[in-house]
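Engineer: These are the residues of each chain, in order.
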Amino acid sequence: MVDLRDLEAQVAAREALLGRLRELLVERLQLRRTVDELDPDAPLFGSGFGLDSLDAVELVVCLESEFGVRVGDAIALRQVFRSLNTMTDLVLAERGGRP
Amino acid sequence: MRAVVTGMGAVTALGRGVARQWSAMAAGEDGIRPIERFATDAFDVRIGGVVADRNAPRPAGAGEATLCIEFGIDAAREAWADAALDGVAPGRVALVVGSSLGDERVPLHRVTEAIGDAIGARGPRLTVSTACTSSTGALGLALDLLEQGAADAVIAGGADVLTPLVHAGFHALGVLAAGKCAPFSHPAGTTLGEGAGFVVLERPDAAAARGARGDLAVLGYGLSADGYHETGPDPSGAGVARALRGALAHAGVAPEAIGYVNAHGTGTAAGDPAEWRALRQVLGERAERVPVSSSKSFLGHAQGAAGAVEVIATLVALERGAVPPTRNFVGPRPNAPPDPVAQDRPRPERYDLALCNNSGFGGANCAVVVGRAPAAVAPPPAPRAVYAVGAGAVGPHGGALDGLLAGARPGRVPALRLDAIAPAVNPRGFDPATRYLIAAAALALADAQVRVRGELRERTGLVVGMNHVSPESHAALQRTIDDRGLRYLSATMFSRMVLNATTGACSKALALRGPCSTLSAGRASGLAAIAAAAHLLALRDDADRIVAGGVEELDAAPEPGESEGAGCVILGVHPPPGPRVRLAGWAFGGPAGPRGGDGSDPAVRAALAMAGAGARDIDVAIGPALPALEVARRLDPVALLGEAGAATSSWALAAGVALLRRGDARSALVIAEPNDSATCAIVLTREQGSQHGGSA
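Residue numbers (numbering that gives the first Met the number 0), protein chains in the order written: chain A, 0 to 98; chain E, 0 to 695.
Keep in mind the hints are simulated off the structure, nothing from the lab. A few of these clues could be false.
[As the list claims (entries may be wrong)] Beta-carbon label-pair distances, calculated as ranges:
#, chain 1, residue 1, chain 2, residue 2, range
1, E, R483, A, N84, 21 to 31 angstroms
2, A, E36, E, A631, 37 to 47 angstroms
3, E, A474, A, E36, 22 to 32 angstroms
4, E, R408, A, A8, 54 to 64 angstroms
5, E, G592, A, L76, 50 to 60 angstroms
6, E, A377, A, D51, 38 to 48 angstroms
7, A, N84, E, A59, 23 to 33 angstroms
8, A, G18, E, P673, 50 to 60 angstroms
Note that the Cβ used here is the ideal one computed from N, Cα and C, for glycine as well.
Use the sequences and the hints to build the structure in full.
Structural biologist: Here's what the structure looks like:
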């Protein structure tokens, strides 16, 4: 049986992490949007937030310097940087699912 | 115009002196070694093409940056001694230095001035800063100075040094190879380098008259902007191809005549394939057979000095009947040239002409044709008339052109609505310098009623005068280093530490993909950029229009009386209908200082002579008061708008265009503020013209 308190804690941790990633995106990539305007499922590159490869470099540095997470090859990078939610998934997975 | 190479000098990872650089390459040695000068523990890559006798940790107070000027002086001295040009007057010796980051402590033009002082060059001393194409562009500008008669000899080349910041920046971008770089080969990645290379260039007739060697030459050059990305190349290769075509056309050389290509070949996953696509587009059939190698496998990537040291490597190899090889080549990556000369030592082969190419941050491309000077030379084309068909400026007065003449209290640019001036431009992340330049350029284009669309994009250039990078971006980079350490610096902010980042952003925003450059000449920067652009338009046919001007951004604590902003003019060869403003004369002179003879300024004298005018024909002079110049009326842009560095003289020219168009004057002489780099003067005349204009 699922421990509801545990689940709530996990949801809260995920929300907090997503919030932090949104802040970092606005701050480091100088997005001209407020944090609330960033749809966590919108594509980061191309038609979504319109990011480019230099922004991708910033995101790699950001994950490493803020969360100690290193992204491997270019294929992994594409998966991770699909959206804010996929980035959140990676950081959570690297933390072993723990906040 | 071609120029003969009468002297060469180099300081590189392979050693000191041109002879040593060749003997090391001939012996199959490379100069890539562990970096010992600064700590590299925080990085995954710890090697570089560093100058061996300057690889020890630096004594306190003598940071890495000071080495840029030292390398530059050493290489320029060797080239000057090699040319043995003793009889020439110092005022007739020009210096053009290409440098990407220079000495991080001082503005870039100070590097050029220091080298010029050390070797005694008192003619125009100009700086080209177009990232990794800087010294290639310096060779091109040197050809133009000789063609204008601004000097009898030009010392041209470049210098850059590998600093912890550069290493960290390229590391963050993820483009450094773990081992020594292997251009066109597996694995991808580049290796940084440093050093300096200079050549002495003279007109062929002048070199022959003094019995100097005249067998090697720089025959032509080409410039372009990708207008695509801050750091990466246009993957189609279209931008590089425009520079290659420009160089071949300027040299009057067919692709079949090219015997060897010294490629930029940094080894990166994006750069090498884009360059090869461009070579295939331009050289056609010839590309499948021509040897294409990258000297970076020996020297590392010497940044702004790369072009000059690679041209020297090419000329020395050509002279000895060999093609320089590509070291470390194990197997081709997709889109690699079929003959990369994959070996450790030069390959014996006789050829007369080589094409050398470089590309850099900001989407800058520059190529040169070098080799054995051909006996017969096509006569130079008749110069085309150049008109100022539009002008725009932003400054403490706001954004109205006439505001330049009304004047304003010195200071910052008032709130700027870039979205109203250039609605199609996405301004995300622009620093103030970039906003000012784009605004002034867009206002000037609108004033000229020009819409840059379709193939006009490839035939519209951009030449910008600047003295330093954006203080705001510089501070933002420093904050990321302070907060997170050098390893985690912001790659975006690092990419803006090249002087031409602002130019690159403007070319991308407004789709200006023709000939593109960024110059520095102290307080003459803005006018120098406009004069250089006028020469490009008058004597080449790879552009119909060039946006040219200057930009200045104040730092956080400006002095009273200082201002900021940008001024741009649209230069064109198609005369607009009705009354129009023509650039009747332009010229460069040496740094301000004691004048000989009648005390007149050599730039003013030469610009008036080109215009076929005397000082008394001039209705208004715009610029500083000159003791030997008496004119009916004078406007002082510094008194009107404050001291705005690289922008001041571009405002002066834009003001002149406004005055003449209003009919307030029929002629104007625009003069740059005195400084230690160069003087510059432009004569504007009002012509009546026909109601329909010309469409030549």
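Engineer: Now tell me if each hint is right for this structure.
Structural biologist: Each hint, compared with the structure:
The given range of 21 to 31 angstroms is respected by R483(E) and N84(A), whose C-beta atoms sit roughly 25 angstroms from each other. Distance hint for E36(A) and A631(E): a CB-CB separation of about 59 angstroms, inconsistent with the stated range 37 to 47 angstroms. About 27 angstroms separates the C-beta atoms of A474(E) and E36(A), a value consistent with the hinted range of 22 to 32 angstroms. Distance hint check: the CB atoms of R408(E) and A8(A) are about 59 angstroms apart, consistent with the given range 54 to 64 angstroms.
Checked against the hint of 50 to 60 angstroms, the C-beta distance between G592(E) and L76(A) comes to roughly 56 angstroms, which is consistent with it. Our hint of 38 to 48 angstroms for A377(E) and D51(A) holds, since their Cβ atoms are close to 43 angstroms apart. In this structure the hint that N84(A) and A59(E) lie 23 to 33 angstroms apart at CB is violated, the actual value being about 50 angstroms. Against the hinted window of 50 to 60 angstroms, the Cβ-Cβ separation of G18(A) and P673(E) comes to about 56 angstroms, which satisfies the hint.
Hint compliance for this structure: hints 2 and 7 are broken, all remaining hints hold.
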